[in-house]
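Visitor: Spelled out, the chains give:
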Amino acid sequence: MRIEEKAVAEMGDGEQQKMMWSRETIPRVMKIVGARLHQRDLVSLLLVSPWIHRALVSYSSLWLVLDFREKNKAGERLIAALSLPRYHHLKEINLEFAQDVEDRHLEVLRTEFHGTLQNLERLNLNGCQKISDKGIEAITSCCRKLKIFSIYWNVRVTDVGINHLVENCKHISDLNLSGCKNVSDKSMQLIANNYPELTSLNLTRCIKLTDVGLQQILLKCSLLQTLNLYALSSFTDKAYRTISNLPHLRFLDLCGSQHLSDEGLTCIAKCKDLVSLNLTWCVRITDVGVIAVAKGCRSLEFLSLFGIIGVTDKCLEVLSSCCSNTLTTLDVNGCIGIKRRSRDELLGLFPYLNCFKVHS
Amino acid sequence: MSEVDMAVIKPEMMKSYIWLQTADGSIQQVEQEVAMFCPMICHEIIQKGMGSSKNYAISLPQRVSPAMLSLILDYCRFHQVPGRSNKERKSFDEKFIRMDTKRLCELTSAADSLQLKPLVDLTSRALARIIEGKTPEEIREIFHLPDDLTEEEKLEPLKNTTDDPRIRLLNRLYAKKRKELKERQKQKNIEVEEERVDERSVDDLLSFINGENADSKGVATSKNKKKNRRRKDPQKSTSIDHARGDNESHSTLSETSKLQDVEDDIFYHKVELDDVDIDDEIDPALKEEIDREVEDFARRLNSDWPERMQELLSLGQEKSPVHFSINGNGSLRKHQSMCSVSLLHLSDEFIPSFLPF
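Taken in order, these protein sequences are the chains called A and B. If you're matching positions, the first sequence starts at 1 in full-length UniProt numbering and goes up one per residue. If you're matching positions, the second sequence starts at 1 in full-length UniProt numbering and goes up one per residue.
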């Protein structure tokens with residue numbers, strides 16, 4: 001509980017003190033505190049007094065992120081915001097699930113704000129379904145230093161858009177194309193040829209991809225740490241085997257990889273730094289594959305075997321002897337081949353388990 | 001006995017002390033290891049050789065008052081001891097920052113000037129928690145800040161290039177309030193004070209918008225508009241007096257006068273739109289605030305409408321409220337929440353189509 005009366009009494013008389021307080025002390029303090037506040041509260045602070053306004057607006061490190069997540073008229077808001085000088089050092093724009101973001105807004109960005117966006121590093125267009133290849137061309141041409149690009153769930157993006165991306169932005173390290181169903185092997189080739197230092201790639205539901213495209217990535221993007229192949233059921237061992245080519249792989253999502261066999265999984269087990277592996281619905285897997293993973297990936301923390309009926313208690317025993325110190329998440333729901341999989345039995349094998357369900 | 005004598009007699013009791021001087025001139029001794037915890041003091045001692053005697057006391061920055069210094073030294077005294085566990089330190093910190101907001105601010109400022117980052121982090125985290133989610137008005141109250149913008153500056157009309165009826169409504173309110181301000185300045189009676197307090201909630205609304213516009217390029221244009229409007233005002237004063245004479249609750253008071261003036265504001269609304277400076281901008285993050293606040297405000301007005309009608313008729317005002325209600329209701333489109341719609345789509349997407357079952 002704060003003692004406001006005491007504070008008022010201590011304030012003392014004299015306009016002098018009050019002015020010091022509101023014109024110097026508080027603005028200085030708000031600059032320090034500002035770094036810990038969200039956009040919303042920062043804007044509220046701007047409205048408190050002209051002194052705070054002046055102090056905060058000139059402190060550019062407070063204004064490096066524009067967050068319009070789920071806002072409507074986001075395209076217009078973005079343009080309006082960028083005309084304010086304090087946003088001229090932006091590092092991140094987040095338009096995830098924002099409404100009313102269209103190609104023409106991105107084109108305005110290119111013509112009006114070409115210079116001011118040159119340092120942008122992170123762009124999130126997740127769910128901006130009206131954006132097409134044209135919009136991507138526009139935004140990538142003015143944000144050439146982009147490192148993280150995410151355009152999840154957009155069916156208008158095609159290989160043409162990806163081509164613009166690789167032509168304009170040479171420093172991409174994190175790319176999320178989840179749900180971009182119209183992206184094909186051609187894009188994989190472009191990515192593989194241009195981003196040898198890619199560390200994170202999400203291809204969830206890019207259903208046009210085949211082994212050919214995936215292999216390009218696996219052969220050339222050898223620094224990959226995160227690879228998401230969720231709901232891609234057309235790959236085969238031919239490509240899966242090549243995953244062993246990624247020595248730094250830590251997160252691998254193979255949910256729905258119905259053609260993945262023990263042979264393919266045994267190759268994957270060579271990625272010894274794997275921390276998280278999702279094998280939900282990998283229905284051809286048996287104890288052989290899982291045991292290979294247990295022996296190869298000693299730092300495993302997250303494993304889902306949901307829906308795999310070919311695994312038995314045997315693989316859990318081996319898993320326990322190899323990874324019981326690190327495993328905290330294990331989903332064996334639907335694994336009817338495993339007889340002893342009650343919560344207590346699992347805790348007996350893996351004392352640090354805290355999550356028993358990944359897939360719903 | 002002098003200090004030197006004591007050192008000779010009991011050498012094992014001799015600790016190193018540093019001399020510090022605060023802006024008010026007072027000088028004190030502090031154990032060296034405690035003082036050295038502050039990088040700024042450390043620097044003075046090591047780089048400049050200061051602090052070893054009273055005459056060479058280290059001058060602390062002006063922001064460090066004796067009271068703040070005492071708090072800071074308490075902090076340093078505890079944390080500079082190496083043996084403490086993280087739990088102990090955390091517990092100390094939690095108790096330490098329990099102080100009023102004003103102190104927290106002074107402490108942040110003082111600690112910052114001494115470059116004592118852990119303490120700055122601690123206090124600024126606490127302040128951030130206080131500020132989170134508050135309106136500008138609330139923040140002003142908590143930190144005892146005066147409303148620096150004059151009433152007049154706050155009432156600059158908004159640009160309305162899209163002819164947004166909500167912004168039109170707001171601009172009308174501003175016009176009305178500017179008139180009221182003028183009346184207040186003329187009359188200066190007690191009721192003025194009371195009404196001012198009551199209208200704070202509308203001021204919140206206005207300050208949301210105007211905080212940004214205070215610096216914008218459009219200000220000059222708006223000031224000219226204001227002058228035009230003032231000339232048209234004089235005949236309103238009597239009707240406002242009538243309204244103010246009413247002894248009902250204060251909210252009733254202000255709303256009556258607002259409604260009366262709205263009629264006249266419609267007269268001006270063409271003027272507002274014509275004069276608009278296209279280069280003005282509103283901080284887009286505020287637009288959502290505007291949406292909500294306008295809705296709330298207009299709802300408040302509309303709900304009192306039947307009583308207001310009665311009053312107007314009884315006061316002999318015969319102006320029809322038609323225009324206002326059309327615009328008032330027309331402008332109230334609910335700010336759609338899109339979140340639920342998007343998330344719905346999300347859940348559909350994630351049901352794998354290849355499920356065996």
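To be clear, the hints were calculated from the coordinates, so they are not data collected in a lab. Ideal Cβ placement from N, Cα and C applies to all residues, glycine included. Heads up, a few of these hints could be off.
Claimed, not checked - Below, simulated PhoX-like cross-link-like pairs (lysine-lysine); rule was C-alpha separation at most 20 Å, straight line:
| no. | chain 1 | residue 1 | chain 2 | residue 2 |
| --- | --- | --- | --- | --- |
| 1 | A | 145 | A | 186 |
| 2 | A | 208 | A | 170 |
| 3 | B | 87 | A | 31 |
| 4 | B | 117 | A | 31 |
| 5 | A | 147 | A | 170 |
To be verified - One side of the interface only, derived from the structure: several residues of chain B facing chain A at Cβ under 8 Å:
| no. | residue |
| --- | --- |
| 6 | 25 |
| 7 | 26 |
| 8 | 28 |
| 9 | 140 |
Visitor: All hints, please: hold or fail.
Guide: Hints, one by one, checked against the model:
no., hint, result
1, 145/A - 186/A, "violated (23 Å)"
2, 208/A - 170/A, "violated (25 Å)"
3, 87/B - 31/A, "violated (30 Å)"
4, 117/B - 31/A, "holds (14 Å)"
5, 147/A - 170/A, "holds (8 Å)"
6, 25, "violated (18 Å)"
7, 26, "violated (18 Å)"
8, 28, "violated (21 Å)"
9, 140, "holds (6 Å)"
Checked against the numbered hints above, the structure breaks hints 1, 2, 3, 6, 7 and 8 and satisfies the rest.
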